[in-house]
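Undergrad: Here is how the chains run, residue by residue.
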Amino acid sequence: MQTTRFEQVNETVYNETLPNGLQVYLVPKQGFSKTYAVFTTKYGSIDSHFRTRAGEEINVPDGIAHFLEHKMFEKKDRDVMHEFSKNGASCNAFTSFNRTAYLFSCTDKLDDNLNLLLDYVQDPYFTDASVEKEKGIIGQEITMYDDNPDWKVYMNLLKAMYKDYPINIEIAGTIETISHITKEYLYQCYETFYHPANMVLLVVGSFDPESIMQLIRQNQSGKEFPPTPQITRLFPTEQPEPAQAKIEANLTVGLPKCMIGIKERELGLTKEALLKRELTTKLLLDIAFGTSSAIYERLYDSELITESFDFDYSSEKDYAYTILGGDTPDPERLVQTIQTEIEQLKQKGIDQDDFERAKRKKIGNFLRSLNSVEFIANQFTSFKFNDNDLFSVVPTLESITREDVEKRLNEHFVIEQMAVSIVRSASPQE
Amino acid sequence: MSANITEIAFQSTQINGMNVHILPTGKFKTTTIVTMIEQALSEETVTKTALLAMVMKRASARFPETKLLRAHLDFLYGAIFDVDVTKKGERQILQIYMEVPNEKYLSQEDSLLEQAIQFVGDMLVRPHVENGSFLEKYVAQEKETLRKRVESLIDDKMKYANQRVTEEMCKGEPFSLLVQGNVKDLPAITGQELYRYFKEITASNPINMFVVGDVKPQVVEQAISKHVSLERSDVQSLDISNASKQIANEREVIDRLDVNQAKLNIGCRTNITYKDDDYPALLMYNGVLGGFPHSKLFVNVREKESLAYYAVSRLESHKGIMMIMSGIEVNKYQRAVEIIKQQMESMSQGNISEEEMSQTKATLSNQFRELLDSARGMIEFTYNGLVSGRKRQLDELLRGIETATIEDIKNVAAKVEIDTIYLLRDKKGEA
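Sequence lines, in order, name chains A and B. Here my numbering is used: the first residue of the first sequence is 2, the next is one more, and so on. Here my numbering is used: the first residue of the second sequence is 90, the next is one more, and so on.
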């Protein structure tokens, strides 16, 4: 077992890669009552075109990764959620574009819960009848999202930005696409992507690392797995420019919602370079549009934005984008004003004081998020999947200079790379 | 590993007429300071309190412009600061929230803790005032923001349905009010009136201040006496009666909106509140019925019949209301109501398995013990004890859950009544 000490934030990470390829990370938290464990596979909604273990190239229905996540909880003679309940644990799972995570939190019976987590995720059980029944439940989940204007404006923006890359597809699929899901498809996806070598287990909270690692080793050595697969995902080539400049939809809302996306042109960054670009962009966004920025103040004073205004940068090797926006009475004018402000900021450059302040803010916010075992658990794995360490955020932030941010400003805030998504009520009376 | 704390034990004292509660703990990398100002929920003051929260956070005497104020917060390593309102039964709580990193983890010489307390003091004692009035510019802007906030309630259909059923079932009771207030009250509120109201509630309404972090209590107390020098006289404890009405018949209310999924909300009166002896049994009742994925509603509405993605029940413990919520296809309305009523009926019959009992006890206890890892959670738990007039220790509550019997739950079930069945549905189909 390896130990990595992060002195500045007073955290220690224990890790080991087991003989079957599973990567295990343990982060003990002094004095906490709760432990949180996440078992994640590098498989999400975008992995819908790939080669099976037999080498056959297949396209699976949209929404299948999420469907599979739902079906993992049901076994032949038991429901996994009830097993966790017996131990007092609360369990959950989620599917994103590029991963599926199974998790629980508990304040008692950690050993039982951890074995349960490993066992149920490594024991698929699908029948025709249970697959059919799930279509009703997931159908209602999809319908719920269809009524959610924040989700709609976000997904539509991805559709505007990406023409072919499957991030433009709904994570849960549609009622039509999930109607094609069968247990055979589920097994094929499971066998391709749920091999331990494609997975990471993370445990954060109150425990002794030695004995927990021993429990995990024992659990895994008692199971047989096929040899490590070569996973071949097949992705279309995405054009660098947005697919369309503007997309609109109608849903009942109090005020129109407007989001601007900026699609990253240059892809393929990995490891430290990827992390540094992510943190530099986030600093830039905060300096430009944060609540203490001059631009925010002008937008708020002119009533073009409300307190719902927000921004974020998503950063992966194969796709990366900024999203900013919120509720606004006048989407068109908001977009135009933001574009003008960006051009003026480029003329003016980044102010040294603003830069220092934003950096302090980011460091403080990061420290605060380390109070939360949920945050650590959820973030740690996505950093790992990009070969980075959550706890190197502070040193990386410290290494960023004002010049780095200014360079990002000119290279990322490019009008041609922008797309706009708007959701408003069909009739203004509603 | 250090021994786990199993009790939420704040040290309480009085400073400048406020109740101050301090909890030193090395668990967190930040210090959290939450100040609660209590007000009776009433038609007359609900909008003023909500607007006040928003105007307060715009400026202070030391930082007379919002941009300066926010820049200072960034400078304090991204201190989190917010002023907001929440509803606890028929009370409206104005809450000032502040969280700063502990300087232990930073190469920082001076005390962020003292600066944070000073900042809270700026809000409570040294607001930005001109000629006895909050700045009209900020008041006007925040009226607009508040109006937008109330109007955007419709964006989230789950929240919207929840507020609508509450309005309908509690008509005439303060609890029916939306905590953000009423848009129609806004035009009449002036900066002057709002400042007068601010002076009034900071002088005489109950104020509780909580501090959680790796701190020394005497240092915190000194900083509070120095920086939060409120002059408080005639501090009243609010006399708040919990309105409850007799239900003759259950009512049905249907709203129509352009939606794909119908929202079914069933509002129930439990006739039990936080301060009552059978409160732990109520927690068990709600847990067995709809609090968890093993609960009757989830199993029967979702798992057995695939009618819904979610089917849950939630308590408002100070008012004694339980809300059952589900998202369904509109043509499954009757079926869903039927199944939900069957589940409630089986609770009344005491039709609860040993497994349901043990699962619910374990998950509920886990939920309460998880509070120990969150500064906010511990503050909330303690404050619930204060506002309800019944201070419960965590251990005591956990014991109450542990020893609850099926008979206790049956007794709770006998008190629970359906008040209003509400459906938010699409505009299609017969009216």
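Warning: the hint list may mix true and false statements.
As the list claims (entries may be wrong) - Far from chain A, some chain B residues (derived; all Cβ distances over 10 Å):
1. ALA129
2. GLU133
3. ALA292
4. SER435
Said to hold, decoys possible - Now the in silico label distances, taken between C-beta atoms and shown as ranges:
5. LYS334(B) / ASN93(A): 37 to 47 Å
6. ASN93(A) / GLN438(B): 44 to 54 Å
7. PRO227(A) / GLY115(B): 23 to 33 Å
8. THR114(B) / ASP112(A): 24 to 34 Å
9. GLY56(A) / THR114(B): 55 to 65 Å
10. THR492(B) / ASP80(A): 25 to 35 Å
11. GLN325(B) / GLU211(A): 49 to 59 Å
12. ARG299(A) / LYS305(B): 42 to 52 Å
13. ASP109(A) / ASN271(B): 23 to 33 Å
14. GLU491(B) / ASN93(A): 39 to 49 Å
15. VAL324(B) / ALA295(A): 50 to 60 Å
To be verified - Reference listing, derived: stretches of chain B covered by chain A, where coverage requires no fewer than 3 residues with Cβ under 8 Å from a Cβ of chain A:
16. 117 to 124
17. 158 to 172
18. 240 to 252
19. 312 to 326
20. 395 to 401
No wet-lab data here; the hints were simulated from the structure. Each residue gets a CB set at the ideal place from its N, CA and C atoms; glycine is no exception.
Undergrad: Against the structure, test the hints numbered earlier, and report the numbers of the ones violated in rising order.
TA: Hint check: 6, 7, 13, 14, 15 and 19 fail, others pass.
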